[in-house]
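Given the coordinates of chain A, work out where chain B should sit on it, guided by the hints.
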Amino acid sequence: MSAAFLVLSAFLASAVEMVEALTIVLAVGLTRGWRSALIGAAAATVALAGIVAVLGPALTIVPLSTLRLVVGALLLVFGLQWLRKAILRASGFKALHDEEAAFAEELEQARAARSEERAGLDWYSFTLCFKATLLEGLEVAFIVLTFGASQGSIPLAAAGAVAAVVVVAAVGIAVRSPLARVPENAIKFAVGVMLTTFGIFWATEGAGAEWPGGDASLPAVLAFVVLVSFGLVALLKRQRLRIAVA
Amino acid sequence: MTRFARFWWDFVVGDDWRVAVGVALAIAAVVILHHRHVAAWWVLPLAVLLLLYVSLRRAART
Numbered sequence: 001m002s003a004a005f006l007v008l009s010a011f012l013a014s015a016v017e018m019v020e021a022l023t024i025v026l027a028v029g030l031t032r033g034w035r036s037a038l039i040g041a042a043a044a045t046v047a048l049a050g051i052v053a054v055l056g057p058a059l060t061i062v063p064l065s066t067l068r069l070v071v072g073a074l075l076l077v078f079g080l081q082w083l084r085k086a087i088l089r090a091s092g093f094k095a096l097h098d099e100e101a102a103f104a105e106e107l108e109q110a111r112a113a114r115s116e117e118r119a120g121l122d123w124y125s126f127t128l129c130f131k132a133t134l135l136e137g138l139e140v141a142f143i144v145l146t147f148g149a150s151q152g153s154i155p156l157a158a159a160g161a162v163a164a165v166v167v168v169a170a171v172g173i174a175v176r177s178p179l180a181r182v183p184e185n186a187i188k189f190a191v192g193v194m195l196t197t198f199g200i201f202w203a204t205e206g207a208g209a210e211w212p213g214g215d216a217s218l219p220a221v222l223a224f225v226v227l228v229s230f231g232l233v234a235l236l237k238r239q240r241l242r243i244a245v246a
Numbered sequence: 001m002t003r004f005a006r007f008w009w010d011f012v013v014g015d016d017w018r019v020a021v022g023v024a025l026a027i028a029a030v031v032i033l034h035h036r037h038v039a040a041w042w043v044l045p046l047a048v049l050l051l052l053y054v055s056l057r058r059a060a061r062t
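Protein sequences, first through last, are from chains A and B.
Going by the numbering used here, 156 is the number at position 156 of the first sequence; the sequence numbering is gapless.
Going by the numbering used here, 25 is the number at position 25 of the second sequence; the sequence numbering is gapless.
Chain A with its partners taken away, still in its complex shape (with noise of 0.2 Å):
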């Protein structure tokens, strides 16, 4: 069942980046050229490999309890910092991502950016496209490398995160527009769901302590998590329903 959770956390996770990415690649390509912004996007997922396939062997040297610890406290800060702008956008405290409008805004912006080559490149294309697309994909490496150290399968969660790249890949270029019908938003709240129950599991255990049932915990503790964070949702909307009638 954790290999499932790793899987399917990591291809999420990446998905939902990887959407965000293909928006400034769709916006820039189909204003400026897209040579230079897919020249761009491959370089970014290239220095990111680099990151995973050097980081991830120098992981396996640290004992696994030290490993679990400080990753596991790694991914519950992670875990909560999603966690908690995923439950602001579900109670209206925060406004939903819009895709579409985020679409509208790089055409905008690529349309007015003056040109100018360096390297035989568009150079704003190519900035452009290699920052959105290391900054979004640093987010999944850091899943990637944390969620597979402490499994101890790197290239199962990194196999995860290549199948949501293809995937999301193959659909921006058969529709060739911003993939705004992906439910972003839940998305976003069920990996935070998953890096919170992972970040908790497991720096409990690096932490020495033990579970009741070992493995068999996890789910509990996802229940747990998902019970928790759906509450704290109606909570948050019934505050908000009183400051609107107040």
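Since the hints were made in silico from the structure, they are not lab data.
Careful: at least some of the hints might be erroneous.
[Said to hold, decoys possible] Here are the simulated distance ranges between beta carbons: (1) A:Thr127 - B:Trp8: 14 to 24 Å; (2) B:Arg36 - A:Gln109: 53 to 63 Å; (3) A:Val171 - B:Val54: 32 to 42 Å; (4) A:Gly120 - B:Arg58: 42 to 52 Å; (5) A:Trp123 - B:Val21: 39 to 49 Å; (6) B:Trp42 - A:Leu8: 18 to 28 Å; (7) B:Phe11 - A:Leu96: 15 to 25 Å; (8) B:Phe11 - A:Val46: 15 to 25 Å; (9) A:Ala104 - B:Val54: 29 to 39 Å; (10) A:Gly214 - B:Arg6: 24 to 34 Å; (11) B:Phe11 - A:Lys237: 24 to 34 Å; (12) B:Ala5 - A:Ile173: 31 to 41 Å; (13) A:Leu241 - B:Thr2: 25 to 35 Å; (14) A:Gly50 - B:Arg18: 30 to 40 Å.
[Unchecked claim] Stretch by stretch, here's where chain A covers chain B in the computed footprint (C-beta under 8 Å, at least three residues): (15) 2-14; (16) 18-24; (17) 36-50; (18) 53-61.
For each residue, glycine too, the CB sits at the ideal point set by N, CA and C.
Same frame as chain A, but now just chain B:
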């Protein structure tokens, strides 16, 4: 160097550093309880509930 550190801080911790501090304190509590042979698996789930509640209430007020 400062910008690099700032980037990673913002990347991992985000906009509420109190959550990171709370997690660190909760993990320390687990270590201490474990060394005293007290079952401590419940500490982090409880800490997550409290940290999220406090952080979200603050965010909702602002």
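Now the hints, each set against the structure:
{"no.": "1", "hint": "A:Thr127 - B:Trp8: 14 to 24 Å", "in the structure": "holds (21 Å)"}
{"no.": "2", "hint": "B:Arg36 - A:Gln109: 53 to 63 Å", "in the structure": "holds (58 Å)"}
{"no.": "3", "hint": "A:Val171 - B:Val54: 32 to 42 Å", "in the structure": "holds (40 Å)"}
{"no.": "4", "hint": "A:Gly120 - B:Arg58: 42 to 52 Å", "in the structure": "holds (51 Å)"}
{"no.": "5", "hint": "A:Trp123 - B:Val21: 39 to 49 Å", "in the structure": "holds (42 Å)"}
{"no.": "6", "hint": "B:Trp42 - A:Leu8: 18 to 28 Å", "in the structure": "holds (26 Å)"}
{"no.": "7", "hint": "B:Phe11 - A:Leu96: 15 to 25 Å", "in the structure": "holds (22 Å)"}
{"no.": "8", "hint": "B:Phe11 - A:Val46: 15 to 25 Å", "in the structure": "holds (21 Å)"}
{"no.": "9", "hint": "A:Ala104 - B:Val54: 29 to 39 Å", "in the structure": "holds (37 Å)"}
{"no.": "10", "hint": "A:Gly214 - B:Arg6: 24 to 34 Å", "in the structure": "violated (39 Å)"}
{"no.": "11", "hint": "B:Phe11 - A:Lys237: 24 to 34 Å", "in the structure": "holds (29 Å)"}
{"no.": "12", "hint": "B:Ala5 - A:Ile173: 31 to 41 Å", "in the structure": "holds (38 Å)"}
{"no.": "13", "hint": "A:Leu241 - B:Thr2: 25 to 35 Å", "in the structure": "violated (43 Å)"}
{"no.": "14", "hint": "A:Gly50 - B:Arg18: 30 to 40 Å", "in the structure": "holds (35 Å)"}
{"no.": "15", "hint": "2-14", "in the structure": "holds (count 4)"}
{"no.": "16", "hint": "18-24", "in the structure": "holds (count 4)"}
{"no.": "17", "hint": "36-50", "in the structure": "holds (count 8)"}
{"no.": "18", "hint": "53-61", "in the structure": "holds (count 5)"}
Hints 10, 13 from the list above are not met by this structure, while the remaining hints are.
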